[in-house]
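Protein chains in written order, with this note's numbering: chain A, 1218 to 2017; chain B, 9 to 293; chain C, 1259 to 1434.
Do not rely on the hints blindly, as some may be mistaken.
One-sided and incomplete, this derived list gives chain A residues near chain C with beta-carbon spacing under 8 Å [unchecked claim]: (1) TYR1242; (2) LEU1248; (3) GLY1279; (4) PRO1297; (5) LEU1299; (6) PRO1460; (7) GLU1601; (8) LEU1604; (9) GLY1785; (10) GLY1903; (11) VAL1935.
Pairs of lysine-lysine residues, derived as BS3-like cross-links and limited to a Cα-Cα distance of at most 30 Å, are as follows [unchecked claim]: (12) LYS68/B <-> LYS1278/C; (13) LYS1701/A <-> LYS1799/A; (14) LYS1694/A <-> LYS1625/A; (15) LYS1652/A <-> LYS1701/A; (16) LYS1773/A <-> LYS1694/A; (17) LYS2011/A <-> LYS1359/A; (18) LYS1799/A <-> LYS1773/A; (19) LYS1356/C <-> LYS23/B; (20) LYS1652/A <-> LYS1694/A; (21) LYS76/B <-> LYS23/B; (22) LYS68/B <-> LYS23/B; (23) LYS250/B <-> LYS287/B; (24) LYS1265/A <-> LYS1644/A; (25) LYS1429/C <-> LYS1884/A; (26) LYS1644/A <-> LYS1454/A; (27) LYS1625/A <-> LYS1701/A; (28) LYS1454/A <-> LYS1694/A; (29) LYS287/B <-> LYS1884/A; (30) LYS1742/A <-> LYS1701/A; (31) LYS250/B <-> LYS76/B; (32) LYS1625/A <-> LYS1652/A; (33) LYS57/B <-> LYS1356/C; (34) LYS1644/A <-> LYS1625/A; (35) LYS1882/A <-> LYS57/B; (36) LYS1359/A <-> LYS1267/A; (37) LYS57/B <-> LYS1429/C; (38) LYS23/B <-> LYS2011/A; (39) LYS250/B <-> LYS1882/A; (40) LYS1701/A <-> LYS1356/C.
FYI, nobody ran anything at the bench for these hints, they're computed from the structure.
Model, not experiment: these values are computed from the prediction.
Quick reminder that beta carbons are idealized off the backbone N, C-alpha and C, glycines included.
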Amino acid sequence: MSTRMFGARVQRNIDPQLLVGAGAYVDDIPLAGALHVAFVRSPFARAKIKSISTEFAAQHPGVAAVYTCDDIGALDLELPQLIPHPCMNSPRTQRPLARGDVYYVGQTVAMVVAVDRYTAEDAAALVEVDYDPLPVEIDLEKAILDSAPLVHPTHPNNIAADLVQISGDPDNAIAGAEHVTRIRVQVDRSTAAPMECRAVAAIFDAVTGELTVWDGTQGPIAIRGGLASIFNLDEDKVRVIAPHVGGGFGQKVLLFYPDELLVPFAAMQLGRPVKFIEDRRENFIGSSQERTQIHNIELYAKKNGEVVALVDRFLHDTGAFIPYGIAVAQVASTSIAGPYRIPNIRVEFKAVYTPTVVVTPYRGCGRPQANFAIERAMDKLAEELGLDRFEVRRRNLVADHEFPYLRKGLVFADGLPVSLDSGQYHKALQLLAEKLDPLAFAAEQRAAREAGRYLGLGLSFYVEGTGLGPYEGGHIKIHPITGKVYVNTGLTSQGQGHDTVFAQIVADQIGVAVSDVILVEGDTKAFDWGVATFASRAAVVSGNAIHKSALIVRKKTLAAAANMLEVGPDDLELRDGAAWIKGSNRSVSLAAIATATNPLRYAFNESAKAATQFAPASKHDGPPLAEGQHPGLEATDYYSPPSATWAYGVHGAIVEVDPDLCAVKIKRYVCIHDCGNMINPMIVEGQVMGGIAQGIGGAMYERIEYDTEGNLINANFVDFLVPYATEIPAVEILHLETPSPLNPLGVKGVGEAGCIPVAAVIASAVEDALRPLTDEYFYHAPITPSAIHTALSKKAASAT
Amino acid sequence: MKPPPFEYCAPRSLKDAVDILASDPAAMVLAGGQSLIPALNMRFAAPSKLIDIQHVAGLKGISIEGGKIVVRAMTRHRELELNDGVFRVNPLIRETMAHVAHVPIRNRGTVVGSLCHADAAAEMPSILLVTGGSVIAESPRGRREIPASDFFQFHMTTSREPDEIIVEAHFPVLPQGAGWAFKEFTRRHGDYAIAAVAAIVTRDGARDVVSLSACGVASRPIRLETCEQIFAAEGFTDASFKAAAAAAREYVTAPDDIHATTNYRRDLLASLVVRTVEKALARSR
Amino acid sequence: MNRAKIRQNLPAKSADPTTKIELTVNGEAVTAEVSTRMLLSDFLRHGLGLTGTHVGCEHGVCGACTVLIDGVAGRSCLTFAVQAAGCQVRTIESVANKDGSLHPLQEAFRECHGLQCGYCTPGMIMNILSSFNSSAPLDLSDEGIRDIISGNLCRCTGYANIIAAVRQAAKAMALG
């Protein structure tokens, strides 16, 4: 067998196309005569709609149609609630076009379809909507008070869901505790801000009755199913393609955004292709956001720092609706104990409606918030007990021999109790300590303080449940003419490099170059059994499904080649695109084998001649195609994970804080992570580094700002601060590879890893740096210069 | 985010440009477009007409004459920034311009455009102010010179009359032996200033002259006159730095906003004044 | 199956006034009639079919739309097509060699894994090329390269590999 591709830093197959500007994102797809959509959106966070007049807009030159809720027939419905859960009380979802009420600034009220986007925007400004504004409460803690105005009259105290989960026997453990640490932490709202905003284009072919939709979605199969159902079309008459997509980060997995239904509807109504290319402002006020949570967390411990019980109560802001259910809060609640034993846990959350943009998962999906809570609490526990921050963690980390570590009563997003399957948590922490050398740093810190400089060290340990089911599939076919290997799966990529990672898995089994494996995914016509790309699951679920299919194709190939070369399958090896008799230079190409396994009547080239049913190579007893045999070298198989598999890691940083400018400079950032076996370490590092950059954004720069009226005041890149290269430091990444015992490839997901612990690391470091100057703690992310200033002012005030 | 409709013209002579502007009060001048076009794309402005002055004769180039750097209306930021002749006579300009947005914006945007846009957190207005520069306005009534101290009135508001086109900006060269410095604090590289200070320190025998301006802290760029007077009177001592820092705080009128609280801006400005003057002093001869 | 309806008479063009412009794009002379308010980014993408230039924000902050205008980087979303009359515009489509082989900068991006979703990449590359061509001295330190790419947002890579790609390309091109 040739050099193993699994584990190799292989360059990506897709890059040349993207590098020369030949990528095909939704707005690049040429659709002749396409019409363009602009939406009329609510300028109020909460209001009654008294009337809508579309007369002037409809008459505007260049306008094809204007739609309100009265003009969209069966689409005037409350959108699906995707993930039911009994803890939700009558979950509310929005309508594609508002009827009677609007619930957040940005909600779609009317749709204009015109010859181009410029004209559509002109006409949208001519739609007259008469609103009756209603009072609002944006603040999460105030929104649950009896006095708060209700987002939905059906939901007292704006509570959308309420869930208590208990693991072990916390009441008993609390009674026996020797110490309690209590803190309140808050993480503020951010947004994925992918470089490509959302986009949908649709064309209805009246001749074939086929609807084709290009959608920058993370879940084309799910979109297809929904469209077929809502428009009452056969599924095979609906094709959804996620072409190249410029980043997703979870924002593009929510379905349905109103445009995802309305654009196909307009295409069918108008008989012309229709496009909606979301602009950046719309991405801020119309596409989902995440992060706002407030945790009150208590750690009950023995005096030696061993945490015996954890109690956490948190509020989760779900925005105006709850289409994705409690996923974010559920993941946060089940991740709350992190990598620590803590055998007794009581975690309760309330998901709260606020008249703001809908909250659905953004990379991390609640894990960053949970990590912020537990890690800040661990730091405080250490301080209160006079323990070193590394030591308090050592005393609580799950040990190697304790895996799998079960948390009964905490039900993860896979519907099962949390079960940490494998890891080397202590080793990871040890590696971080070796890298950062806390003792040496302490001396450096002392010397710096004497010189009037403030250095700090911070750390945070995270766990990441990955590889959710229900399943994914892999279809593999060796092409008879070229001998290249074609692979399909139900996922789609927004930059993760599936085309290469999955090709590496196949290349190892079939013995071809990675560049000769061609992945076509994200197209329901190519493969339509599966779920979507989210929750760090592609490598685990599709990866293993493709691996299983590759094993089958390998077996078929060896059997067929053995027949052609008249040896046993064990005498053969697959490499360089052919089957070789070991120790000889006799071989037969994959193309020839693929041709030969498809008994033909008509020959169209030399290879085909050899495969015709009467040719010598095809001779065998019985019918040309034996019972149970399929023609060609092709297989489809599926992988359904038994449960989530838990990746983990620990990050640490050294920062310098300038107390006059209140500026934080990250001098070193170290990431130790473990995602099991790595298929392509280069791509893994890219995922981790990208996640860390988003984590730094959330830790220091990014906050969606709502004013008290519910206006999103920084709905642009000038005032919503996505970090440039000048804000992101160099990062040292070390890999541990503790295979997952749960799947054949031993892989765990890594897509979200980078962003989970960053806010806690920065808070921990800034706090450590400024301890001589202030007694304040940093329990609110993002940590901004103003927040640092406020903390420093408090010490100054108390000192005088 | 597409701009609203407008008429467009690209006159070749200044007279034509002035006449068109005078005849249409809702028209706007388009130079580099790096401030105007974002406003149009966001539909914050809806001019009837854009008068593109990029082809108007006599509006390109930089000259140094009579102790002044003359920057014409179509001179891009990047031209001024990279001009070595300018750097020799006023290095404060190049040091400051590294903070103006990012290079691609500076390649297209114009210095005069930035002055006319008059964002209270923009850097170039502050430099015009600290050097005691001026702009030249052209209208049907003729030409007039407007000193920087009169030009910047309020957020996005200058004393340019609606029928005036600003055709030149004049930045004085620095005095012989003067020290200079520019320091800015932003959340991200290239952002508008949370606070920024420009300082020119001239040690003239018995007298020290300090010129200090700030941007990002008030409704327009401002001279920190009280601080200047403290240094002029007391020289550069621990006490005078402390007093100047305290005085600087009083100049911050910007309210709390999403990027900074007023209290933080006050302390920030105080720190920046100290650091900027120190640096300028070190460079002075 | 729905009963077929009479084909609707829907508008084909907007009512915008247009202007004729002549410019050079990727070395080719182009003449076009454009709406006066059409952004250069839209003209390149939809007027000329050069969809390699991407639109990320339309307010000049993200840099995805960066092209070369008269040899230097500029935001095509902050330029009207009419302003580009008489100019030389170069887009990402002009960077690879005529035989299809990649430019050293593109090669370096590939080798260093400097792109993931690829959406910011064309603008990033045009900006870097502009810096490589500039008369200003090239600082290839970590800080210097971060400064060069400081006006281009990337949400996928965290920038580390882009910095490595710039350094590798500069070396391959014997710059700096």
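Hints and how they fare:
1. The criterion of a C-beta within 8 Å of any C-beta in chain C is met by TYR1242/A, whose closest approach is roughly 7 Å, and the hint holds.
2. Annotation: LEU1248/A was flagged as interfacial toward chain C, and the flag is violated, the nearest CB pair being 11 Å apart, outside 8 Å.
3. Hint status for GLY1279/A: holds, given a least beta-carbon distance of 4 Å to chain C, under 8 Å.
4. Using the Cβ-Cβ criterion of 8 Å, the hint placing PRO1297/A at the interface with chain C is not satisfied: the shortest such distance is roughly 25 Å.
5. Because the smallest distance between the Cβ of LEU1299/A and any Cβ of chain C comes to about 24 Å, over 8 Å, the interface hint for this residue is violated.
6. Contact between PRO1460/A and chain C, as hinted, is not supported at the beta carbon level, the nearest pair being about 11 Å apart and thus beyond 8 Å.
7. For the restraint placing GLU1601/A at the interface with chain C, the shortest Cβ-Cβ distance is roughly 35 Å, beyond the 8 Å limit, so the hint is violated.
8. Because the smallest distance between the Cβ of LEU1604/A and any Cβ of chain C comes to about 33 Å, over 8 Å, the interface hint for this residue is violated.
9. Restraint check, GLY1785/A versus chain C: the minimum CB separation of about 42 Å is more than 8 Å; hint violated.
10. Annotation: interface hint on GLY1903/A holds; nearest CB of chain C at approximately 5 Å, less than 8 Å.
11. Contact between VAL1935/A and chain C, as hinted, is supported at the beta carbon level, the nearest pair being about 6 Å apart and thus within 8 Å.
12. Annotation: proposed proximity of LYS68/B to LYS1278/C holds, straight-line Cα distance about 25 Å (limit 30 Å).
13. Taking the CA atoms of LYS1701/A and LYS1799/A, the gap is about 22 Å. The hint holds against a cut of 30 Å.
14. At roughly 43 Å between alpha-carbon atoms, LYS1694/A and LYS1625/A are farther apart than 30 Å, so this suggested pair is violated.
15. Note on LYS1652/A and LYS1701/A: the hinted pairing is violated, with a Cα-Cα distance of about 45 Å set against a maximum of 30 Å.
16. With a C-alpha separation of about 11 Å, the suggested pairing of LYS1773/A with LYS1694/A holds against the 30 Å cut-off.
17. With a C-alpha separation of about 25 Å, the suggested pair LYS2011/A and LYS1359/A falls inside the 30 Å cut-off, and the hint holds.
18. With a CA separation close to 18 Å, the supplied pair LYS1799/A and LYS1773/A stays within the 30 Å bound.
19. Proposed proximity of LYS1356/C and LYS23/B is contradicted: the alpha carbons are some 47 Å apart, above 30 Å.
20. Proximity of LYS1652/A to LYS1694/A is assessed by CA-CA distance (about 46 Å); at most 30 Å being required, the pair is judged violated.
21. The hinted pair formed by LYS76/B and LYS23/B meets the criterion: a straight-line CA distance of about 25 Å does not exceed 30 Å.
22. The hinted pair formed by LYS68/B and LYS23/B meets the criterion: a straight-line CA distance of about 16 Å does not exceed 30 Å.
23. Note on LYS250/B and LYS287/B: the hinted pairing holds, with a Cα-Cα distance of about 16 Å set against a maximum of 30 Å.
24. Distance check on the hinted pair: LYS1265/A and LYS1644/A sit about 58 Å apart at the alpha-carbon level, beyond 30 Å; violated.
25. With a C-alpha separation of about 27 Å, the suggested pairing of LYS1429/C with LYS1884/A holds against the 30 Å cut-off.
26. A threshold of 30 Å between alpha carbons decides the hint, and for LYS1644/A with LYS1454/A the separation of about 54 Å lies outside it, so the pair is violated.
27. Of the supplied pair hints, the one linking LYS1625/A and LYS1701/A is violated, its CA atoms being roughly 48 Å apart against a limit of 30 Å.
28. Taking the CA atoms of LYS1454/A and LYS1694/A, the gap is about 24 Å. The hint holds against a cut of 30 Å.
29. Simply put, LYS287/B and LYS1884/A have alpha-carbon atoms about 24 Å apart, close enough for the 30 Å limit, and the pair holds.
30. Simply put, LYS1742/A and LYS1701/A have alpha-carbon atoms about 20 Å apart, close enough for the 30 Å limit, and the pair holds.
31. As the CA atoms of LYS250/B and LYS76/B are separated by approximately 34 Å, the hinted pair breaks the 30 Å bound.
32. With a CA separation close to 35 Å, the supplied pair LYS1625/A and LYS1652/A exceeds the 30 Å bound.
33. Proposed proximity of LYS57/B and LYS1356/C is contradicted: the alpha carbons are some 42 Å apart, above 30 Å.
34. Of the supplied pair hints, the one linking LYS1644/A and LYS1625/A holds, its CA atoms being roughly 26 Å apart against a limit of 30 Å.
35. The straight-line distance between the Cα atoms of LYS1882/A and LYS57/B is roughly 46 Å, outside the 30 Å bound, and the hint therefore fails.
36. In summary, the hint linking LYS1359/A to LYS1267/A is supported, as the alpha carbons are separated by about 28 Å, within the 30 Å threshold.
37. Of the supplied pair hints, the one linking LYS57/B and LYS1429/C is violated, its CA atoms being roughly 48 Å apart against a limit of 30 Å.
38. As the CA atoms of LYS23/B and LYS2011/A are separated by approximately 60 Å, the hinted pair breaks the 30 Å bound.
39. A threshold of 30 Å between alpha carbons decides the hint, and for LYS250/B with LYS1882/A the separation of about 26 Å falls inside it, so the pair holds.
40. With a CA separation close to 27 Å, the supplied pair LYS1701/A and LYS1356/C stays within the 30 Å bound.
Violated hints for the displayed structure, listed by number in ascending order: 2, 4, 5, 6, 7, 8, 9, 14, 15, 19, 20, 24, 26, 27, 31, 32, 33, 35, 37, 38.
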